[in-house]
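4 protein chains.
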Amino acid sequence: MGSDSAIVQAARVSYGKGTKQINQDEALIKYLMRHHHTTPFEMCEIKFHVKLPIFIARQWIRHRTANVNEYSGRYSILDNEFYIPEQVAKQSDNNKQGSGEAFDSSTSKEIIDSLINDSNLVYSHYEKFIEQGLAREIARTNLTLNYYTQFYWKIDLHNLLHFLRLRADQHAQYEIRVYAEVMLDIVKKWVPLAYNAFIEYSLKSACISKTGLEIIRKLIKGENVAREESGIGKREWNELMSILGK
Amino acid sequence: MGSDSAIVQAARVSYGKGTKQINQDEALIKYLMRHHHTTPFEMCEIKFHVKLPIFIARQWIRHRTANVNEYSGRYSILDNEFYIPEQVAKQSDNNKQGSGEAFDSSTSKEIIDSLINDSNLVYSHYEKFIEQGLAREIARTNLTLNYYTQFYWKIDLHNLLHFLRLRADQHAQYEIRVYAEVMLDIVKKWVPLAYNAFIEYSLKSACISKTGLEIIRKLIKGENVAREESGIGKREWNELMSILGK
Amino acid sequence: MGSDSAIVQAARVSYGKGTKQINQDEALIKYLMRHHHTTPFEMCEIKFHVKLPIFIARQWIRHRTANVNEYSGRYSILDNEFYIPEQVAKQSDNNKQGSGEAFDSSTSKEIIDSLINDSNLVYSHYEKFIEQGLAREIARTNLTLNYYTQFYWKIDLHNLLHFLRLRADQHAQYEIRVYAEVMLDIVKKWVPLAYNAFIEYSLKSACISKTGLEIIRKLIKGENVAREESGIGKREWNELMSILGK
Amino acid sequence: MGSDSAIVQAARVSYGKGTKQINQDEALIKYLMRHHHTTPFEMCEIKFHVKLPIFIARQWIRHRTANVNEYSGRYSILDNEFYIPEQVAKQSDNNKQGSGEAFDSSTSKEIIDSLINDSNLVYSHYEKFIEQGLAREIARTNLTLNYYTQFYWKIDLHNLLHFLRLRADQHAQYEIRVYAEVMLDIVKKWVPLAYNAFIEYSLKSACISKTGLEIIRKLIKGENVAREESGIGKREWNELMSILGK
Numbered sequence: 001m002g003s004d005s006a007i008v009q010a011a012r013v014s015y016g017k018g019t020k021q022i023n024q025d026e027a028l029i030k031y032l033m034r035h036h037h038t039t040p041f042e043m044c045e046i047k048f049h050v051k052l053p054i055f056i057a058r059q060w061i062r063h064r065t066a067n068v069n070e071y072s073g074r075y076s077i078l079d080n081e082f083y084i085p086e087q088v089a090k091q092s093d094n095n096k097q098g099s100g101e102a103f104d105s106s107t108s109k110e111i112i113d114s115l116i117n118d119s120n121l122v123y124s125h126y127e128k129f130i131e132q133g134l135a136r137e138i139a140r141t142n143l144t145l146n147y148y149t150q151f152y153w154k155i156d157l158h159n160l161l162h163f164l165r166l167r168a169d170q171h172a173q174y175e176i177r178v179y180a181e182v183m184l185d186i187v188k189k190w191v192p193l194a195y196n197a198f199i200e201y202s203l204k205s206a207c208i209s210k211t212g213l214e215i216i217r218k219l220i221k222g223e224n225v226a227r228e229e230s231g232i233g234k235r236e237w238n239e240l241m242s243i244l245g246k
Numbered sequence: 001m002g003s004d005s006a007i008v009q010a011a012r013v014s015y016g017k018g019t020k021q022i023n024q025d026e027a028l029i030k031y032l033m034r035h036h037h038t039t040p041f042e043m044c045e046i047k048f049h050v051k052l053p054i055f056i057a058r059q060w061i062r063h064r065t066a067n068v069n070e071y072s073g074r075y076s077i078l079d080n081e082f083y084i085p086e087q088v089a090k091q092s093d094n095n096k097q098g099s100g101e102a103f104d105s106s107t108s109k110e111i112i113d114s115l116i117n118d119s120n121l122v123y124s125h126y127e128k129f130i131e132q133g134l135a136r137e138i139a140r141t142n143l144t145l146n147y148y149t150q151f152y153w154k155i156d157l158h159n160l161l162h163f164l165r166l167r168a169d170q171h172a173q174y175e176i177r178v179y180a181e182v183m184l185d186i187v188k189k190w191v192p193l194a195y196n197a198f199i200e201y202s203l204k205s206a207c208i209s210k211t212g213l214e215i216i217r218k219l220i221k222g223e224n225v226a227r228e229e230s231g232i233g234k235r236e237w238n239e240l241m242s243i244l245g246k
Numbered sequence: 001m002g003s004d005s006a007i008v009q010a011a012r013v014s015y016g017k018g019t020k021q022i023n024q025d026e027a028l029i030k031y032l033m034r035h036h037h038t039t040p041f042e043m044c045e046i047k048f049h050v051k052l053p054i055f056i057a058r059q060w061i062r063h064r065t066a067n068v069n070e071y072s073g074r075y076s077i078l079d080n081e082f083y084i085p086e087q088v089a090k091q092s093d094n095n096k097q098g099s100g101e102a103f104d105s106s107t108s109k110e111i112i113d114s115l116i117n118d119s120n121l122v123y124s125h126y127e128k129f130i131e132q133g134l135a136r137e138i139a140r141t142n143l144t145l146n147y148y149t150q151f152y153w154k155i156d157l158h159n160l161l162h163f164l165r166l167r168a169d170q171h172a173q174y175e176i177r178v179y180a181e182v183m184l185d186i187v188k189k190w191v192p193l194a195y196n197a198f199i200e201y202s203l204k205s206a207c208i209s210k211t212g213l214e215i216i217r218k219l220i221k222g223e224n225v226a227r228e229e230s231g232i233g234k235r236e237w238n239e240l241m242s243i244l245g246k
Numbered sequence: 001m002g003s004d005s006a007i008v009q010a011a012r013v014s015y016g017k018g019t020k021q022i023n024q025d026e027a028l029i030k031y032l033m034r035h036h037h038t039t040p041f042e043m044c045e046i047k048f049h050v051k052l053p054i055f056i057a058r059q060w061i062r063h064r065t066a067n068v069n070e071y072s073g074r075y076s077i078l079d080n081e082f083y084i085p086e087q088v089a090k091q092s093d094n095n096k097q098g099s100g101e102a103f104d105s106s107t108s109k110e111i112i113d114s115l116i117n118d119s120n121l122v123y124s125h126y127e128k129f130i131e132q133g134l135a136r137e138i139a140r141t142n143l144t145l146n147y148y149t150q151f152y153w154k155i156d157l158h159n160l161l162h163f164l165r166l167r168a169d170q171h172a173q174y175e176i177r178v179y180a181e182v183m184l185d186i187v188k189k190w191v192p193l194a195y196n197a198f199i200e201y202s203l204k205s206a207c208i209s210k211t212g213l214e215i216i217r218k219l220i221k222g223e224n225v226a227r228e229e230s231g232i233g234k235r236e237w238n239e240l241m242s243i244l245g246k
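So the sequences go chain by chain: A, B, C and D.
Residues 1 to 246 (this note's numbering) make up the first sequence, in order.
Residues 1 to 246 (this note's numbering) make up the second sequence, in order.
Residues 1 to 246 (this note's numbering) make up the third sequence, in order.
Residues 1 to 246 (this note's numbering) make up the fourth sequence, in order.
Watch out, some of these pointers could steer you wrong.
One copy or any two copies: either way a pair holds, since identical chains are not told apart in the list.
Pairs of lysine-lysine, DSSO-like flavour, derived with a Cα cap of 27 Å [what the hints assert, rightly or not]:
| no. | residue 1 | residue 2 |
| --- | --- | --- |
| 1 | K221 | K90 |
| 2 | K47 | K210 |
| 3 | K109 | K246 |
| 4 | K109 | K189 |
| 5 | K210 | K128 |
| 6 | K109 | K234 |
| 7 | K47 | K90 |
| 8 | K51 | K234 |
| 9 | K90 | K218 |
| 10 | K221 | K109 |
| 11 | K234 | K47 |
| 12 | K188 | K210 |
| 13 | K189 | K128 |
| 14 | K234 | K210 |
| 15 | K210 | K90 |
| 16 | K90 | K128 |
| 17 | K234 | K204 |
| 18 | K189 | K210 |
No wet-lab data here; the hints were simulated from the structure.
Bear in mind that the values here come from a model prediction, so they are computed numbers and not experimental data.
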């Protein structure tokens, strides 16, 4: 529902004659994105049918501004489909929430086999419970978090872009990032002008703190800035330097 | 966006094999409405372009689940269009928020003329302010609440029905009720099965309190129930008797 | 945050002089609940710290109007704590989503032992994964849905009562109903007047459909009504008769 | 409801052992704000009682995440209180939505007198309508947008900070900015650590676009960047240079 022109149409009602000067749609959409005038982007709406592992569904559902209809294990029998990573990685040291370097191939195989075995085992018992007539709402509690669920998920473009900004980020778990990347492609085809503005002013932008801006001003003047005197911590400093290409 | 079949499609994903028995769309939609399974109705979305007086826009906007882009008096010049009721009514005695009986025709004319005069007067000064170059954001504060604004208003079907239940109600102000009635007609054409279920289980239904249900049970048994012994107040009693056709 | 008097205070601002007549707090709160004037109830807010199995957390989180901070298996190691029902029941025949009659004791024991064994098994592998240094975000996917998580959950009173109406209902899963019942007790102590109004006008009330009301009117007049001629289905008829104590 | 320590408490549940390293509350709150981990800030809640002109209430109410109870002109009689600016300014040329330079004192006086006269006039007719017994819901439509209303407004800290970021901004209308500034002082006293983090990472921060970051990287290297070759428009360029102190 909606398109780039629905965004423009809503903006021209909101800002009326004030938008006459910006006579090209592309420039207007960029202007809206740049100034966080988010409501015109809410005029577009999209519905996805998503199949995804339960542990990813649990992250996904935290975005509260969407409409959701999820497959229910109370009413229905879950299929024997579960997610196993193609390769497994170690807990990252410096990024508390992410994955780090790869395992050697024999440990990797051992872990993956163990994941597969347990998934098969719990499903075989789930099936047996169902045959015995156990209430589905209890039988399903024996399944592991890598089992697939599915839902219809409907959201407006503004909130979708907010979701994609967080979930296409490198700090997001790999398994949700791959969904975000596919959805970014869909957005690109659906609303190309909004997509470009999103890349420029949101996804590839950076928010620089008050102190960060002061440092940048000094650096541009050619002054030296020492991390220790800057008033910001080591990790934040490294992030800033990485943004500045230093 | 969406239709009766989108509701059915979402419900069948949610409730899966549990919905196989209800093989007709109409019966399924009635079942969903009756049991307050509201999420499938959220799969339909509609956008209205509404022109309405500011005092009505202020009531309307209190429904927080919609997406809105309103004409802005900060950016644009408001048109010389205002709302005047065709006939004016007295403050109701027993309904604290509503309108009661009509005025005699001469008082009615006097009031309506006064409303028109003031509307014209404040607009002539507004126009003069704009000519003088006064900031629009201040100039508009001289307009009365009956001036027209407009917005795009986008909402999902579940929340639209909730809006219509409240605003098509006889306790709603007449001036918003006429909008609600037009919107009800649109819903009827758009999603006829959902509309019928809404009329049956929501708009024309009644919520009966715990004590009200006890009274009904006695009445059905043929017992007499005195208001004084029922434990409920006079006004609530009258409402209950009116629902029961007594 | 807030109390019965905060509800009253907000209502008196909203409805101003219109509420002067209702000079007792109890009557005013009943009036607000009866007429679905819900915003004054939003002035009270409560925060719970809840420990609950993941399959219940997944139902709980669908209520989108709350603020939530949940324990994260990406950052932290989950404890070896899982939920096992004290007794297991068969899938209900007439209630598609619920539990029905109990198993004989030997089948019951067999099922419960199987649930316990699998829970212990997947945790032992989870622990091994963590020791091997596997990324936590993947290791946790091997846990079953009966493992405990925890969250802070903060919500306003109006939305809490809506949650409790749905989750204290007999159609809700037993495992979430026990939480709802404890929370009802807390509400009773916190805002006793709002609690009483909620029981009378919401939890123990019934919404009667348009056709249902017509049937009730006939029954009160002493007329006979045959199910077949009533225009409503068998299940709906039975529910109505049960409400009417027939 | 809540304090800096409620934010910390919620974050420590969410991120569990992952937050042990950050053992000081101040550093943790900064970390959360910097990384847009917004949910812990939702654990604090505040209620304001605000008296404000209707045209400001209309902007304010667009923030949909708050709970509101507003004084109703349908139930109650509005007081004879209206807002008149101390000094009036011309429509800004380069800021389409704002106020620009001041008028000469005689034009200023003329405009202000006109605003006062109209406000008094419409109220005198409003009073007369009420005396005649006109329904309040119609009588109030004769009042101008500068008349005062009031509401209770309750919101969580995360959404309050979002409101303050937009409304304490120089692009916001002066008349709402003065409210935002008073509220910022209240936040400072209530949750001083969150306030400081907000100033550093949000209010005084700047989001730099993809192209903007490329320009900064060149400037830091001592390269010259011409606006015409930069790929960004004149207004955006000026804003960037202003941020960079050039």
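Is it within, between, both or neither when you check K51 against K234 at 27 Å Cα-Cα? neither (41 Å within a copy, 36 Å between copies)
Is the C-alpha distance from K109 to K189 at most 27 Å within one copy, between copies, in both cases, or in neither? neither (39 Å within a copy, 56 Å between copies)
As a check of your reading, is K109 near K234 (CA-CA no more than 27 Å) within one copy, between copies, both or neither? neither (37 Å within a copy, 57 Å between copies)
Between copies, within a copy, both or neither: which fits K234 and K210 at Cα up to 27 Å? Classified as both; 16 Å inside a copy, 24 Å across copies.
Can you give me the call for K234 and K47, within, between, both or neither, at a CA distance of at most 27 Å? Answer is neither: 42 Å inside a copy and 35 Å across each miss the 27 Å cutoff.
Homomeric proximity label, K90 with K218: Cα distance no greater than 27 Å: neither (40 Å within a copy, 37 Å between copies)
27 Å Cα cut-off: does K221 pair with K109 within a copy, between copies, both or neither? neither (54 Å within a copy, 48 Å between copies)
Between the shortest in-copy and the shortest cross-copy C-alpha distance, which are at most 27 Å for K188 and K210: within, between, both, or neither? between (33 Å within a copy, 17 Å between copies)
Please work out whether the CA atoms of K221 and K90 approach to 27 Å or closer within one copy, between two copies, in both situations, or in neither? neither (43 Å within a copy, 37 Å between copies)
One pair to classify: K210 and K90, alpha carbons no more than 27 Å apart. Within, between, both, or neither? neither (35 Å within a copy, 32 Å between copies)
For K47 and K90, with the copy left unspecified, which applies at a CA distance of at most 27 Å: within, between, both, or neither? Neither: 35 Å inside a chain and 36 Å across chains, both beyond 27 Å.
Copy assignment of K210 with K128, given that the CA separation must stay at most 27 Å: neither (61 Å within a copy, 44 Å between copies)
Violated hints, listed in ascending order, are 1, 2, 3, 4, 5, 6, 7, 8, 9, 10, 11, 13 and 15; each of the other numbered hints is respected by the structure.
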